[in-house]
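Novice: Chain residues, written in single-letter form:
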Amino acid sequence: MLRLTISVKNLKEIADLLNTVVTEAKFKIDANGISVIAVDPAHVAMISISVPKEVFSEFQTDGEEEIALDVERLKSVIRLANSSDLVSLAKEKEKLKFEINNIVKSISLLDNSTVTTPRIPQINSEFYVVLGKTELERGLKAAEDVSDSIKFSLSSEDFRARSMSDSEESEMILTKDMIKELQCSTPIKSSYPLEYLLKLVKSLASSDELKLSFKDDYPLTIEFSFGQGKTNPNAIKGSFLLAPRMEQ
Amino acid sequence: MQMKAKMKIPASLCLKCRGTKMLCGLSYCPISVKQMIQPNLTRITGGNLEGSSPPSVFVGRYGYPKVKMYPTTPPVHGDTSPYEDSRGWLGVPIENFLSMRLSMIRGGIDVTVAKAADPDRLFQEIQLMALSEKSVEVEMILDGSISGKDVILDEHTPPMGPSAPLKGFKVDYSSPGLHVEKVFSDTDLKATDAMDYLYSNGQDVSRISKILSVGALGDRKARKAVPTRWSITAVDKNLSDDLVEKIKDNRQIDKFLAYVRVTSGNLFMAVLTPTNWIYEWGESWFPGSTWNQWGDNAHVMIDSEGYYGRKEYPDIGGCYYSTRLAVAEKFSNLGRTGGAITWREIYPGWNLPVGVWYVRENMRALFEQKPQEFDTLDEALNFLSGYMRVPLSKWVEKSYVVPTQKYNNLDRFFSL
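So the protein sequences, as listed, match chains A and B. With the working numbering, letter number 22 in the first sequence gets 22, and the count goes up by one each step, no holes. With the working numbering, letter number 45 in the second sequence gets 45, and the count goes up by one each step, no holes.
Looking at chain B on its own, in the form it has when it is part of the complex (with noise of 0.2 Å):
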């Protein structure tokens, strides 16, 4: 398997540092994942892949509404769902957890997204073992060999390993559990509703959105299957919608709260205010980072919603949705509302796409620590800028919140 490096590491540097001293600048070390993905992969004979899978479907979004749909296992046995539960991929190292998701691999079939409503039996099957609530047995017969240029490197969905073509499967599904059981049987429930539910029932994003994606909510004749991609920000946006308006008539925050967390090749930064509800996500790309390979100077990108939410899609994608659930959970769990400014920073080393998660579950984790308080937007901006490599000013120029906040603004007097 191939990582393709931006950049030439000398084999000196390599030498001195043996993947622990991150000689070379990048937040992970290209050697160690290749060497814990290999014998994993060497395992695989034949054509034939068995092993238990977290459950993890994939479906792709390359044609829709004609997609490939993939049944997805490591080939390993065992209790698998660290693999798939995106809320615990924070505490394992990047070089670990890109060598679980890149020994997923992928075994694909050629489906119609409205077949959902009505699936064939290898279709229901793949429904069936999606929605199971342990990992579950599968045996794959994978047509000629797995091709490793394959990989899913992408900045929305989660890593994914190679695919092959399916000509055979058979797999030991499970209960998919009381909630889950439920709004799959219920062909009246409508799929934002069902998602609410299994949300408010204690499933996670990773899991809504992987049942959301086979096809397995909503109004009976209108399921479809849904691409990865899309599902994963789809319930982002559904479930912080929902947690948005809710917060809305909660009391304010009496005071602005900033929050900083510092991970390896990124920076995240929040400060809570006392208002309505408005809210921003910022990017700072420096050059040498995945989506600024080529620019000379850190590029500032912001989003933004005034109180009554945006129609459009942000350009800056689905983090801004990401961010907006972490943001919503965290007032909902205060009993109280308020404004946001969210900011990230992405420095040189950090040069691989690993999905939105990644974002997810920084802005929850930064929103568990303790914030500091201040009585003014400025010294909560100030406290921040302690921690930016990006000036300031170049945050605030862009930013929609700050102004906004110091200056109240004509919305109160006409809609533009």
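Isolated chain A, as found in the complex (with noise of 0.2 Å):
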């Protein structure tokens, strides 16, 4: 039988995260807690989020399954509640019911085949940089009205985050002093697609630290965490892996 309970607030965040990419997503669930992996059709973003099962705070599962949703339905359901409630989860043959407060709402799952879990591919990039969410926001925004692009440049100085067009220009400079941490011996730099940035940044409701790893004209994976106690090893975690954007 699978049973959990588990924060709203949580639920939502990992709910949005997961739509910044997909419409559907298949979790696997095990005695360790739950993991979903999800590419966007275009091929473009990669997420992956595992959960501990020490976030729940009812956990019960028979060994290993999987279960398959449509996202949206999912926060549907979700946006019944307020974040300050529990919710409680569980399979019952075909369907997921949640109970919220008063309310019982069942939705049905997805047939596991038709939701592919993609493989974790190799990206090393031993450069990296860590920032606050809110300052990395500012920069994206900066850059939202000018270009459907950002560059982003690393050295052991200063991490840049730039836009362009014909007539506009946006950039922010966090110079080493304003970075929690930094990793970086050459210089480098990628330009990666602003929107599907700015809409995982919106999606990260929770999470204040952000560990950017990337080089020169290659995936950039965004490492976050959430959930009660972010540094503590229990927290929620992902990684977010975006292509970069050639220009022409």
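Honestly, the hints are just simulated from the structure, not real lab data. For each residue, glycine too, the CB sits at the ideal point set by N, CA and C. Treat the hints loosely; a few may be bogus.
Said to hold, decoys possible - Here's a subset of chain B near chain A, in silico, CB distances under 10 Å, partners left out:
(1) ILE302
(2) SER304
(3) SER399
(4) TYR400
(5) VAL402
(6) GLN405
(7) LYS406
(8) TYR407
(9) ASN409
(10) LEU410
(11) ASP411
(12) PHE413
Two chains, each in its own frame: build the complex with the hints.
Specialist: Here it is in structure tokens:
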């Protein structure tokens, strides 16, 4: 029997994050918790999230199982609740039953075979920067009306996020002392689609710090964590991969 | 014969319209179709049917591998090739097309598909009939009366008239012509190679699929009858697979080429892109059209493939490959390569399935037009949006090609 209880706030954040790339997702549940990986139809972005069992106030499962869900349906159920509420989920045959306060609602599960789980790729970049989410968000918003892509560059001295169009320009510069951590021995740069980054940052309601790793014209990895005690090993952890935007 | 409409049409409307103004909102006039078919069908007397078959043979799919095979003829004499050649059907009013196809009467026999490798006399006669290049005189003795309920209206195969079990059969088959003769008698040639050979020697999909469906292609021992519905998609897929591989070596087109074609009840659109091969086919069925009788909204569905193609059969069905063939033919004719976004909107009056030929021929006609050229994808899409009834954002949201081309993707770094 599968029965889970989690805070609405956490579940909402998970659903919003998944929704930045997909409308359907398959969750893997085992004795350690829940994990999910999804890639958007254009293969531009991938997100993976793992939720350790400690995050749940109730976690009952009989070994390993997978459930596939329509993320939009999940979000519509969550909308019935307040973020301070708890939600209990139970699998009943081909349905997932939600209990939120005095509301009971079931949504149908999708056939597992219709939702594919992408493989986790080998993406390694040794250079990274750890920054506050609000800072990154500010840099992205500054670029939003300039272009649909943003160029990140990293050196041993600073991190820059720059957008350009024929007539306009926007740049955010964060020097070493304004950054939590920085690891970079030779300057690197790469451009990314702004739309995906904005959606991601908007969905990351309760993360404070983001670790961005990349190299020249290479996929960007953004690692984040959230949930009760973000620094604690039992926080919800995730990573977001984004294909570089090659300039014409 | 009854043509079932999903709505009641008030008589007063028909009186005002008389088949000319389409006041009922349908894309064809059910009354005209009925009147056109009636005289043909009343010509059949006693269970005896004579006619010139284009030639035409229909193979059912129910009960596979034990299926029904139907030699088919209209009860008219002379050159009936327009009844069977899908390339000409767009030039015919839909009522005339329906009345032609629905007067194609089928006499059915039971066959096991593998019997094509070692056919009995009747099966062999039907094969030879199907191979004939020109219309052939046939005489069929049908068991009992034909039933008008038994007509075929299918999303994949062209419409077909009613059927009855076949008791007696006489055919005056004619020469299959040089190329068909060659592939029929070459029992070592693989079916896929035979299809490519016929196509490169000027035979069209409707004839190749007919020859494939009677089990006349391929390695002698492996020859099998193929249900008509599957044979059409098999040919569209196989021919387009071959062409797509060939065009990949060509130079890319230089600009975004946008095409629009408006037909009764349908809008066909395409953007060819100056990129590597990438392809998508999308359909949006409005409420009241064939496949969306009860919905409230126009529903957008898209299937797609990247540079290396796809492994699974697309959910969207055979039109995916019919259009893919039209796209590959276009690039092949241009001597260039590129990607393609192909979309179709289907409006409420279009509520009769006529077969994938309709999509293939409309897409071919679309690509014969002069395109509008643009420097960016957004400009090309904006141009198309002027014709659309579905908001562009709804198409783009489901699109695979649009975001991939805008943002590049992860496929270059690892395989998903």
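Novice: If a hint holds in the structure, say so; if it doesn't, say that too.
Specialist: Going through the hints against the structure:
1. ILE302: holds (9 Å)
2. SER304: holds (8 Å)
3. SER399: holds (8 Å)
4. TYR400: holds (5 Å)
5. VAL402: This interface hint holds because 8 Å falls under the 10 Å limit.
6. GLN405: holds (9 Å)
7. LYS406: holds (7 Å)
8. TYR407: holds (4 Å)
9. ASN409: holds (4 Å)
10. LEU410: Since the shortest Cβ distance to chain A is 5 Å, the answer is holds.
11. ASP411: At 5 Å from the nearest chain A Cβ, ASP411 (chain B) passes the 10 Å test, so the hint holds.
12. PHE413: Holds, because the Cβ-Cβ distance from PHE413 (chain B) to chain A comes to roughly 6 Å (cut-off 10 Å).
Checked against the numbered hints above, the structure breaks none of them.
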